[in-house]
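Given the sequences, and given the hints that come with them, work out the whole structure.
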Amino acid sequence: MVIRVLTLCIIMLLSATTFAVYNKILTERVDANFVDTWAALNETIVAYHYHPAYFQRCDFALNKLNYKSDKYRILFFGEYDEIKKMSNKYPEIVPFLPLKITVMEEGNYTLLIATPPIILSSLVKTNDERMTIFRWQEDIKSILKQVRRQFQLGG
Amino acid sequence: MKLKLELILVLALLPLLSLAGGRELYSENCEKCHGFSQQGSLGLPLYRSTIANHSDRYLQRTIKSGRPGRVMQGFNFSDNQITELIRFLRAGIKAPKYDVAAIKGNVKNGQGIYKKYCQSCHGYDLKGGQGIGKNFSWQKDRLVSPPSLINRGFLYSAEDQMIKHIIANGIKNTEMVPFVTAFNFTDQMLNDVVSFIRSHEKPPSYKNIIRRIREPVSFIYDSPYKLKETVKKIRNSVASYNFRVYANRTLLEGLRKENFSVDDKKQVVIRFCNFNNMQNFLKIEPRLGVMLPCRVTVVEDEQGKVRVVLANYKYAVARFNNEQISEAAIILIKEMQEMVEEALW
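In the order they appear, the protein sequences are chains A and B.
Take the first sequence: its position 119, counted from the start at 1, is 119 in our numbering, and no numbers get skipped.
Take the second sequence: its position 43, counted from the start at 1, is 43 in our numbering, and no numbers get skipped.
Hints may contain errors.
What the hints assert, rightly or not - Pairwise CB distance ranges (calculated): (1) A:Asn88 with B:Gly74: 35 to 43 Å; (2) A:Gln152 with B:Glu258: 32 to 40 Å; (3) A:Gln152 with B:Ala91: 33 to 41 Å; (4) B:Ala52 with A:Lys125: 19 to 27 Å; (5) B:Trp345 with A:Lys125: 27 to 35 Å; (6) B:Tyr225 with A:Tyr54: 21 to 29 Å; (7) B:Glu302 with A:Ala47: 46 to 54 Å; (8) B:Ile331 with A:Ala47: 15 to 23 Å; (9) B:Arg48 with A:Arg149: 38 to 46 Å; (10) A:Ala47 with B:Arg48: 37 to 45 Å.
Simulated from the structure, these hints should not be mistaken for lab results.
We put the CB at the ideal spot given by N, CA and C, even for glycine.
Written out as structure tokens, the structure reads:
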């Protein structure tokens, strides 16, 4: 318990000083095409004990007119009980749930993009909930990095 | 004695190590925007032929302060790390050096020259082309979006002489042609246009670090109607604002295969999109899809109270460090607020 609170203090301190860094859009470039990246992302999310819920295509905006790529999708995911608890207690967080990662093809590569959940931490009231949000942040960061690394090693 | 030998060995290997360090720094921090082989993407290409125009001072300052409002944020690297990164980017090509003294040209003349020769690409306000960086899948007006010439980070980093050098000699294999050979620019003309660009620099005391948004992260509205009716009214209102409305979802949909409770039906997500808007937005910031689709969420709590929740997109958008998109978002969020207010009225 003490350790937990301590970690939290350190985290809070860190996030205050590196606010600008935390606040950034999370982006990773993957050395693989859209289809392979998409599959790897789904697997990695499951490996992190989240459940992929559904995806939203955004191809509409792209294949019309002159966009060359129509590979643009958003994957929604989360852990049922966690998302349920949070969304029931805090309506102001509801628009940001479930969690999501955007996959966008760019030439021979694919970009993974996510908004940092950490901004939500100022909206919750207990340390446990702050920890949950912090874990979401860290997990999404590692998921993006891990997908990228999978193809780094292979190539 | 043995210690000394080891020391020498380490010292001898240091340059090798530091090159690897530079590559790593690039890979961790820059390649997401500038590409695996510096070919450009969300950021400008950093080919060796481009970097060949840049002084170490320019690169150092650019890395440290980034481009406020033009996507690239500053990096808090040590001097040593920056040196390694620059060495990696140069890959052996010698660094040019420029005199840091200001060039004194005629600003008024420079303005005329700018209008005639530069404005069509770098914009009437010198803020660069629409969108940023290079396009592979994102067809914009040009293969490489002409950078902002009056960005605080750019003017802070660039020497007048470097700007002059680039205008005179162009950037190899880009649309930025050498104006001395292509349009017979004289030395005076070069000086004038440089002075015109420089005249846009804000004094060092000027601070416009992305303003803190003193607004809620999301807007919550109490609905006087029951859940079902609220959803219906919002959908109608959304459609009347020229958005295409998708089928409703529940918030927890798909997160679990079975054992859904009835409560789960009490969080309804209404998704919609305006294609034309979206196309314009994606042109400016291809990553904007992280905010898609536009959405309004209707929730009913245990007491049966119905609320409508709308994300304040200004927040999400501020994180892109992209002035163009921040401006566009202000209009969008106003429209969405009106739309909800109208529905609940």
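Okay, the hints, checked on the actual structure:
A C-beta distance of roughly 40 Å is found between Asn88 of chain A and Gly74 of chain B, which places it inside the suggested range of 35 to 43 Å. At about 38 Å, the beta-carbon gap between Gln152 of chain A and Glu258 of chain B stays in the expected band of 32 to 40 Å. In this structure, Gln152 of chain A and Ala91 of chain B break the distance hint of 33 to 41 Å, their C-beta atoms being roughly 20 Å apart. Restraint check, Ala52 of chain B to Lys125 of chain A: a C-beta distance of roughly 55 Å breaks the suggested window 19 to 27 Å.
Separated by about 32 Å at the C-beta atoms, Trp345 of chain B and Lys125 of chain A satisfy the suggested range of 27 to 35 Å. The supplied range of 21 to 29 Å is met by Tyr225 of chain B and Tyr54 of chain A, whose beta-carbon atoms lie about 27 Å from each other. Judged by the Cβ atoms, the range 46 to 54 Å given for Glu302 of chain B and Ala47 of chain A is violated: they are separated by roughly 35 Å. Checked against the hint of 15 to 23 Å, the C-beta distance between Ile331 of chain B and Ala47 of chain A comes to roughly 41 Å, which is inconsistent with it.
In this structure the supplied range 38 to 46 Å is violated for Arg48 of chain B paired with Arg149 of chain A, their Cβ-Cβ distance being about 27 Å. Between Ala47 of chain A and Arg48 of chain B, the C-beta spacing of about 39 Å keeps the proposed range 37 to 45 Å intact.
When the structure is compared with the earlier hints, violations turn up for hints 3, 4, 7, 8, 9 and for no others.
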